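Assembling the complex is the task here: the two chains are given apart, and the hints tell you how they should meet.
In order, the protein sequences belong to chains A and B. Each step along the first sequence adds one to the number in the numbering used here, with nothing skipped, and position 67 is 67. Each step along the second sequence adds one to the number in the numbering used here, with nothing skipped, and position 292 is 292.
Just to be clear, a hint being listed does not mean it is correct.
[As the list claims (entries may be wrong)] Okay, derived cross-link-like pairs now, DSBU-like style, lysine-lysine, Cα gap no bigger than 30 Å in a straight line:
id, chain 1, residue 1, chain 2, residue 2
1, A, Lys41, B, Lys253
2, B, Lys292, B, Lys230
3, B, Lys12, B, Lys83
4, B, Lys226, B, Lys29
5, B, Lys303, B, Lys292
6, B, Lys285, B, Lys303
7, A, Lys37, B, Lys285
8, B, Lys230, B, Lys29
9, B, Lys122, A, Lys41
10, B, Lys283, B, Lys303
11, A, Lys41, B, Lys83
12, B, Lys326, B, Lys303
13, B, Lys369, B, Lys221
14, A, Lys41, B, Lys251
15, B, Lys325, B, Lys292
Please keep in mind that the hints were generated in silico from the structure rather than gathered at the bench. Owing to the predicted nature of the structure, the values given are computational and were not obtained by experimental measurement.
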Amino acid sequence: MSETNRRKFLAVAGAGAAAGVVGISASPAFAGTGASKLAAKETVVAYVEDHHGSVVTLLVGEREIVVDDRDLVARILNAAGGE
Amino acid sequence: MSSHREAPEIAKDPVADGTDTYAFVSPDKPDTVTLIANFIPLQQPDGGPNFYEFGDDVAYDIKISNSGTGGADIVYRFQFTTKIRNSKTFLYNTGPINNISDETWNRPQYYSVSRTEAGRTKLLAHGLPCPPVNVGKRSTPNYARLAAQAVHSIGNRSVFAGQRADAFHVDLGSIFDLGALRPFNEAHLIKMPEMNGVNSVQSYNVHTIAMQVPITDLSLKGDRPKDPGKASAVIGVWATASRRASRIYDKRKGRYVSHGPWEQVSRLGMPLFNEVLVPMAEKDKWNRLEPKDDRAFAKYVNKPELQGLLPALYPGVFPKLAAYKKSRADLNAILLTGIPSGVVPGFQNYTGSVESDMLRLNLAIPPAKEPNDGGLVAGDAAGFPNGRRIADDVVTIELRAIAGATIPLVDPSYTPDAAAGAITDGTTNTNAPLLRSFPYLGLPGGGYQTVPGTTKAS
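Just chain B, with the same shape it has in the complex (with noise of 0.2 Å):
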């Protein structure tokens, strides 16, 4: 979660899996976006000595939908070339790196970052060096200082590639547990004691690129929005990973290369749709597909596998979710078409009836001042599922959702389970403390400086 090795085949391919979306107006740069897509999940800090990076076979892409076809009508594009210094170490730096430019790493990293839009593609940067990791107190000292030289200026925009702080939060070894939720440990079909949910991502790494540029760069009349009320004041962001067609070891060369058309592997909108809504079965067939594509999958959200197992894993403490057999248009709005006017006071976010799983950002909605990480059910409607912020705690928001709490927003008639409001998975976040400006991601864990988690077998 939200997107860690949710499918079969992105689970195989770390370096293209993403893991985490998030789409918010800058709170600090109100006049801004700030996009960010994370990659390369569960990153152990001490991961050494070939520590994690980009690759150079993937092209990563951050994708605007502002036209409410569900396609993608801006795509930024990422793309990374590794060097080595020193072929004659196998250390990844030969001494401290106190700057980013610094001789001592052996293995800088490199990106362009191009823009499409109608068709035209206009290279707006290249050769942008990358932060090295966050390897450890000797050899990264002042890991602050690296980060921050690795923050760009093109232009008006910003941008930075590089190792983050992973910033979700989830009680994973619970979840998979057959659907547990510690804080209701006694209360499961399989009983247990209950306790404080474990935050299963905490102290591991990501890799994170993040753009912030100006609204006008995003909407659909290049203008800065003003009234939430106006469709074209809606976009849709996703992230994806694509690689070559064709990828072949050539024994030669001794590393694997790459031939034909660029081909998605990785998709990731909204947190938690292709994880725990589309079937296994179908999830490596929903990483190819564009968000227009979904209609084919909104029979799981309308109807989601995991409504049915609330019931039947907490035994009469869903009694109404139970009974409830109509279709969900609560999920069916939140996720697949955006909030229509009307159904929350002075909100929406509706792109439309083409069903498409994207983060719908209102761009103009300000930043809250003084930010709920419940998000737009909680009376924050700068957050989840309006965009989605990083602290935003989409886990127990969607959860709560999927348990009914959401009905009545179409449903009038319908009085949720009181366990609806209360689900959680017991986690807070409890990970590296986020920044207050760009790229907010908190700095990635050193691999001196972080100590591995206790193991138990029984």
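In isolation and in its complexed conformation, chain A is listed as follows (with noise of 0.2 Å):
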């Protein structure tokens, strides 16, 4: 999946169900693109719950979107660190 796709599948999955799993194929990091047109547009929080899983859930507006993506999780993860 390329990474315009895989950010449109995020956004669009986002936008439907409030709790689905949303699962995402092994893919390179972010390159520190831009957002795309169905990119949230307000405050995101983000909650790892478990630092040895793949699993993100992301709260906007009223919804949860939670996240399948253990590459987004390592990212997360080590942004907390510091890194």
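In structure tokens, the structure reads:
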């Protein structure tokens, strides 16, 4: 899945079911591109309950998007660790 | 009680803490049902300068199940917005508040009401003003006027949201002191002189959400049921409060900010269910579930802990109850399924086999001309556990039921202990006088007028 498509997939899936798990296949880390048209335009809270796992829960507006993406979790954990 | 601070988590979140739910066919408008949900327990009337108010970050719901599923078929949602008129003062009010629109009220609160059915949500009204709290003689000199101004009509519905006097009466101080009932102190394991009960919630206020809606707004078929024997005549009612999934303290804004979906943190149908029947370790879980999930808690109804405690705490007083080993089918019916036809002549409020904690109201039963606060077991089919009226003495009714008084309804071979029909916490309704019309609950005590009680350490 290309980076652009991956971002769209995340955004569209988030706009649908409130708490469905969005599965993402392994892919390169984000390349620092700008936000897509469907990107959230408000505050987002990311919640990684299990640092050994691959799931990050995103809270935005009145929605909850559960993303299954070890790469994304790793980036968040790295950022939380100061990297 | 009936659900004031009943679970560990919600006890730390009083703004979202539901205390009592009521549902009854309106005595003065019998083609309507009055639904009342109280929140924010045990308010001292003089609790300023930041007086009690609804949470802008809480969704308050009154829910109706009319299809026997134990799930919500209709949801009325109330959401609040609070403003500060004068940012330069610390005062709640800068002069007497004579009308709810007065600029002297510095912290007015407004709300919206929506109705959701079959997945469709309709905004019924928004920007409806609440009344201020009852500050005192100088600040809110004619509180009855303010309260009346806060009763709003939305078509053929009436709504009110604001402070009222708590109408519940119970002796918390005694009951939670090792299950003591003051009138029976000498029979308790730890004996003390007998005395009258003490109404612990007397003089405290709550925040009330009340609706008076046509029966046709609630019934399964959208009609006004006439036959009490029909399943479609019965609805289930409960109230909930929800918070967003995430709550973060934003130090830049100096307040909490919330994100994510609404998550239920408080629930209340039948009085005392979570309080007295559900073990402490499961109370928080119970609060987040829907009634349709209550099968998991049926074991605490079928064999209540309190049933075992009564014979232990009052030695020799409940020998028949102590010997009764069968599952409590009477309590299961009263609390979880409704009472089926054939148990109480001419009455039923059965909602089917789904075990679910709800107030069950038979819409076809008219209001009693002479209400008996003993409700159904006292021969008044318009009273608890057929819904719940404000004056119904639910503590006594439920104490006696757990003590075995209602077992013969389903097990005629059982003769209750004599004490089962006499047990009481000894309180009477010493709260503020009720009103004869919507929203019925008494006016809240004023901060200036109300005198604190006494304190004794020993």
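Against the structure, the hints:
no., hint, in the structure
1, Lys41(A) / Lys253(B), "holds, 19 Å"
2, Lys292(B) / Lys230(B), "holds, 21 Å"
3, Lys12(B) / Lys83(B), "holds, 25 Å"
4, Lys226(B) / Lys29(B), "holds, 16 Å"
5, Lys303(B) / Lys292(B), "holds, 20 Å"
6, Lys285(B) / Lys303(B), "holds, 20 Å"
7, Lys37(A) / Lys285(B), "violated, 39 Å"
8, Lys230(B) / Lys29(B), "holds, 22 Å"
9, Lys122(B) / Lys41(A), "holds, 26 Å"
10, Lys283(B) / Lys303(B), "holds, 17 Å"
11, Lys41(A) / Lys83(B), "holds, 26 Å"
12, Lys326(B) / Lys303(B), "holds, 8 Å"
13, Lys369(B) / Lys221(B), "holds, 27 Å"
14, Lys41(A) / Lys251(B), "holds, 21 Å"
15, Lys325(B) / Lys292(B), "holds, 27 Å"
The structure fails to meet hint 7 from the earlier list, while all remaining hints are met.
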